[in-house]
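K.L.:
Given the structure of chain A, go ahead and fit chains B and C onto it with the hints provided.
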Amino acid sequence: MTAPTLADPAAGGPVTPELERAAEKAESRRGLLIALPSYIYLVLLFVLPLLLVFVYSFATRDSTGQTVLADWNLDSYRRLFSSAVLEIFVRSLVLALATTVISLAVSYPFAYYIATRTPRVRNVLLVFVMIPFWSNFLVRTYAWRVILGSEGPVSQVTQLLGGEPFRLLFTNSAVLIGLVYGFMPFMILPLYAALERMDWRLVEAARDLYADGWTAFRKVTLPLSMPGVVAGSILVFIPSLGAYVTPALLGGARTVLMGDYIVSQFLAARNWPFGSALSFAVMFVMLLATIFYFRAGAKTL
Amino acid sequence: MNEGTAPKGPVERLLGLNAWLVYLFFYAPIALLIVFSFNENDNVGIWTEPSFRWYQAMFQDDRVMGALRNSLVVALFSTVVSTVLGTMLAIALERYRFRGRGALDGIAYLPIIIPDVTMAVMLLVFFFQAFGVLSDLFAVRLTTGLTTIALAHIAFSISFVAVVVRARLSQLDSALEEAAADLYANRWQAFRRVTLPLIAPGVAGGALLALTLSLDDVVVTQFVSGAGSTTLPVYVFGLVRRGVTPLINAVSTVMLVASMVLVGISLGFQRGAEARAQRLADPEAVREEIVAG
Amino acid sequence: MRTVARLIALPLVLAMVIAACGEDDTGGGTGDTAVEGTESPDGATGANCELDQVDGDLNFYNWSEYMDPELVTAFEEEYAVDVVEDFYESNEALLAQMQAGAVYDLIVPSDYMVGIMIQNGLLAPLNKAAVPNLGNLLDRFTELPYDPGPEYSAAYQYGTTGLGVNVSVVGEDFPRSWALLFDPERTETFPGGVSVLNDPRETMGAALKYLGYSLNDTDLEHLQEAADTISAALGGIATFDSDQYDEALVSGEVAVSHGYSGNMIIGIGEAENPDDFEYILPEEGATLWIDNMAVPANAEHPCTALTFINYILDAENGAALTNWNYYGTPNEASVDFVEPEVIEFYGPTFEAEGLEVIEDTGDYEINFTDYLAQAKS
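Read top to bottom, the protein sequences are chains A, B and C. What the first sequence shows, in numbering that gives the first Met the number 0, is residues 0 to 300, in sequence order. What the second sequence shows, in numbering that gives the first Met the number 0, is residues 0 to 292, in sequence order. What the third sequence shows, in numbering that gives the first Met the number 0, is residues 0 to 376, in sequence order.
Okay, chain A solo, but in the shape it has when bound (with noise of 0.2 Å):
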């Protein structure tokens, strides 16, 4: 919206370029004086940091463990080809996919009913999604941890079955349902949005075009709906990658996912230029993950 040329009425005369980009001008700097101190904000500790962390990892370490910012280096990028971090990126790659992928199956079917729904209905299901969804995401993964422990409640049923005590927690199906568990509300609401804002005549004629219910579906439905499927793609599997506080509580030791390697390089393991390449390598991958998804997403269009 460009700003609305008016006649200035303390001229008193018609409207000339010079008062139009004046005008544009004064509306160009109000603009940059309101951007202004969220500008400055993001820069200091938004953009700054960025540039730190990027030339932290071509820092070395000392024999402490202490980040020394001289003999700069590709080691820690180096590293990050290696076949044990490589191990590790594709196992957390792998449970975000699987995390996404079920999510995804599981949420459409979910939000295309709420979006078939009388809207007071509809709004009734969708207050019950979002109060999981804003309840403290710690608090619900931790409750995962209750249920899967092998003195639990799914652990008790299983014995009075006369079975083995439930061991799933501490493995890498336990850190899958606990992520499923914590980002399935990112995927509903996008794909609910998009369902929601659908023309559904273009449904009807496509249900009196196909005899058949699924190719209406496939043909029409699910092309309109695929940007709340992106959407909501991306806003799984991006925190899924990076995930920390769910394996942390609900996998073990074998379960070393991104999240935590990362975390431990500014812990214990004391490797700052390490962690910082990670850490970078990361945000890159899910850089391109975003842009994939937007393509991909468009062309179905």
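The set of hints was computed from the structure by calculation and includes no laboratory data. Here the structure is a predicted model, which is why all the values come from computation and not from measurement. Be aware that one or more of the hints could be misleading.
Said to hold, decoys possible - Computed list of lysine to any residue pairs in SDA-like fashion (alpha-carbon distance at most 25 Å, straight line):
#1 A:K218 / B:G15
#2 A:K218 / B:L14
#3 A:K218 / B:D104
#4 A:K218 / A:E203
#5 A:K24 / B:A276
#6 C:K127 / C:E77
#7 A:K24 / B:E11
#8 A:K218 / A:R116
#9 C:K127 / C:P183
#10 A:K218 / A:A104
#11 A:K24 / B:G101
#12 A:K24 / B:A102
#13 A:K218 / B:A180
#14 A:K24 / B:G15
#15 C:K127 / C:Y78
#16 C:K127 / C:Q52
#17 A:K24 / B:Y183
#18 A:K24 / B:D104
#19 A:K24 / B:D61
#20 A:K24 / B:E177
#21 A:K24 / B:D172
#22 A:K24 / B:R100
#23 C:K127 / C:A231
#24 A:K24 / B:R98
#25 A:K24 / B:A180
#26 A:K24 / B:L182
#27 A:K24 / B:E93
To be verified - Chain C stretches covered by chain B per the calculated footprint, using a threshold of three residues with CB under 8 Å from any CB of chain B:
#28 49-63
#29 95-102
#30 215-227
To be verified - Anything over 12 Å on all C-beta distances counts as not near chain A; from chain C, calculated:
#31 D67
#32 I115
#33 P131
#34 R185
#35 E252
#36 P273
#37 D274
#38 A314
#39 E331
#40 G353
A virtual CB, placed ideally from N, CA and C, is assigned to each residue, including glycine.
P.N.:
Only chains B and C this time, still in chain A's reference frame:
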């Protein structure tokens, strides 16, 4: 309009079943958590008898209460600042053109796609370096604490607020704002009487998001907090690593109830603001508003 | 304008009120400019502290389940200060925090870590005038190789690191060896597996011992062997844990648990069926360690810290501590008040065969951390 096109028959029933299962999936763990917080037994999984003992323990626990206090202070502060800054950012990006807008647009979206681990690392490195530089230049020894936590929370919340407010702004008919600009001598008045009420639901939504992000945050806070400045989620996280007792369940239940109450209040506020905004969306109403003001 | 201003001002004021209410003076807790510790002209932290002087709340960074809460409460009441406890799980984690600039008043590093910290200027020398109870220490704890004097640290507790074994699961004639942790053919048959400490020196040390090397060995090839041994054993390792090893063993989560003597013995003692468990020192050898109280150079309340050290070194308090955590006491004056079975248990420790003390390996030190990380992944 949508409900006429709902699939019929078995598909419909399957969808319904799926929905019920999803709700069960969502709420069962929470319910179990709450139920077991009233458990007499030390062991988190084994039920003996109902008791309030863990709630008593919680309220007497200085560390828990201190962490709770810290969480609230930081959350309130960061919500207010990030909502104000985020709203201003949204307005500037959506309604104005100025040099550097493209760059700012890019910068404003990055915090959303950055994983919180990377954000934590960035801010730790930043504060570490900054404190070092400040100590060399001014011989003042700063340490991490509540202030750095709040600054960190604001850093990642601004973008989220901006996105929500901007979405709201883009839905507005700018003709209304132009009309207001014509009729008010003062740009600030036009903003306050017309634009602000129209975007109020968006601002409220953004504020709620900022509040939730702050209260939920674990990694970033863990990295930039200092001794004695733990927030509740970080403290609970530490407790869980060290030993699971129903005390954590009790703390969790309180946190859950609190967030639900907050959501309730905020949704109510949003609905009220939405109603007001609907009224203002009618040019007649705008004219009345201006005449009255 | 007013509504908007009110909307903004109210939460801000609320935040400040909450912050002010109940705010005890914890000094650097709010991230403001740090109050300089009580320094003397030559700059040593705590050099001006007098006996029994306190200068604010104590920020106490310690191993978990190592300090008797009753002792803490008694100290808080006697000196009218708060003790804020925080916990770390290994010496390396402690060092990482100190290097990152974390500010604490009192820390409890182990033998070799004291040496490392002294070399890196992380510790303040003890103001002996404020800690007269140093005289209570047994002679062998005053001339320790890592801190002769002592100048920077006061011995806290000592003990061993070994294995807690669930005999009913592993069978009566189990091998008294680290194989209980590192032999996958064995560990993968245990229901629940085993728990290993999440500690670079202890864990790599155990693997080195298992292979027949010293735990202070500085040969990278041997260290790689140790890392590979751990990697091969990951199938049977349920978790790397330095905090819950005793609970995990006693509750049946794991069959064998790598951990420290005191917590292990207390955990077993409090179990429903103590006879099912045993704490052993593997035949290949194990760690003997000594933990020490020390005041960081950047401490903000050194006087309180020194007073606390003096308090713990008191004869009866030292005994209370040992009776609570079941570790060895370095305090000669406490011996009369300690339960005889504890004295008996730790009696032979220093003369026992096969026990090694961890030593600082200088520039090689970082490898233990790196190789453990590699082994775990």
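K.L.:
Please go over all the hints and tell whether each is borne out by the structure.
P.N.:
Do the hints match the structure? See the list:
1. A:K218 / B:G15: Holds, at roughly 23 Å.
2. A:K218 / B:L14: Measuring from Cα to Cα gives roughly 20 Å; hence the hint holds.
3. A:K218 / B:D104: 35 Å, violated
4. A:K218 / A:E203: 12 Å, holds
5. A:K24 / B:A276: Violated - the C-alpha atoms of A276 (chain B) and K24 (chain A) are around 31 Å apart, more than 25 Å.
6. C:K127 / C:E77: 21 Å, holds
7. A:K24 / B:E11: Answer violated: K24 (chain A) to E11 (chain B) is near 58 Å, above 25 Å.
8. A:K218 / A:R116: 22 Å, holds
9. C:K127 / C:P183: 51 Å, violated
10. A:K218 / A:A104: Holds. K218 (chain A) to A104 (chain A) sits at ~18 Å (cutoff 25 Å).
11. A:K24 / B:G101: 17 Å, holds
12. A:K24 / B:A102: 19 Å, holds
13. A:K218 / B:A180: 46 Å, violated
14. A:K24 / B:G15: 57 Å, violated
15. C:K127 / C:Y78: 19 Å, holds
16. C:K127 / C:Q52: Given pair K127 (chain C), Q52 (chain C) holds - Cα atoms ~13 Å apart, limit 25 Å.
17. A:K24 / B:Y183: Since the Cα atoms of K24 (chain A) and Y183 (chain B) sit roughly 20 Å apart, the hinted pair holds (cutoff 25 Å).
18. A:K24 / B:D104: The hint holds at about 20 Å.
19. A:K24 / B:D61: 57 Å, violated
20. A:K24 / B:E177: 18 Å, holds
21. A:K24 / B:D172: 24 Å, holds
22. A:K24 / B:R100: Since the Cα atoms of K24 (chain A) and R100 (chain B) sit roughly 14 Å apart, the hinted pair holds (cutoff 25 Å).
23. C:K127 / C:A231: It is violated: about 50 Å lies between the C-alpha atoms, which goes past 25 Å.
24. A:K24 / B:R98: It holds: about 11 Å lies between the C-alpha atoms, which stays within 25 Å.
25. A:K24 / B:A180: OK: K24 (chain A) and A180 (chain B) at ~17 Å, within 25 Å.
26. A:K24 / B:L182: 22 Å, holds
27. A:K24 / B:E93: With Cα atoms ~17 Å apart, K24 (chain A) and E93 (chain B) stay inside 25 Å; holds.
28. 49-63: Since three or more residues must qualify, the claim that chain B covers the stretch 49-63 of chain C holds, with 4 doing so at under 8 Å.
29. 95-102: holds (count 4)
30. 215-227: violated (count 0)
31. D67: 27 Å, holds
32. I115: For I115 (chain C), whose nearest Cβ neighbour in chain A is about 7 Å away, the distance does not exceed 12 Å, so it is violated.
33. P131: P131 (chain C) clear of chain A: closest Cβ-Cβ about 33 Å, beyond 12 Å.
34. R185: Label holds. Min Cβ-Cβ 17 Å, cutoff 12 Å.
35. E252: 6 Å, violated
36. P273: 19 Å, holds
37. D274: Holds, because the least Cβ-Cβ distance between D274 (chain C) and chain A comes to about 22 Å, which exceeds 12 Å.
38. A314: At roughly 36 Å from the nearest Cβ of chain A, A314 (chain C) sits farther out than 12 Å, so the non-interface label holds.
39. E331: Since the minimum Cβ distance to chain A is about 34 Å, E331 (chain C) lies beyond 12 Å and the statement holds.
40. G353: 27 Å, holds
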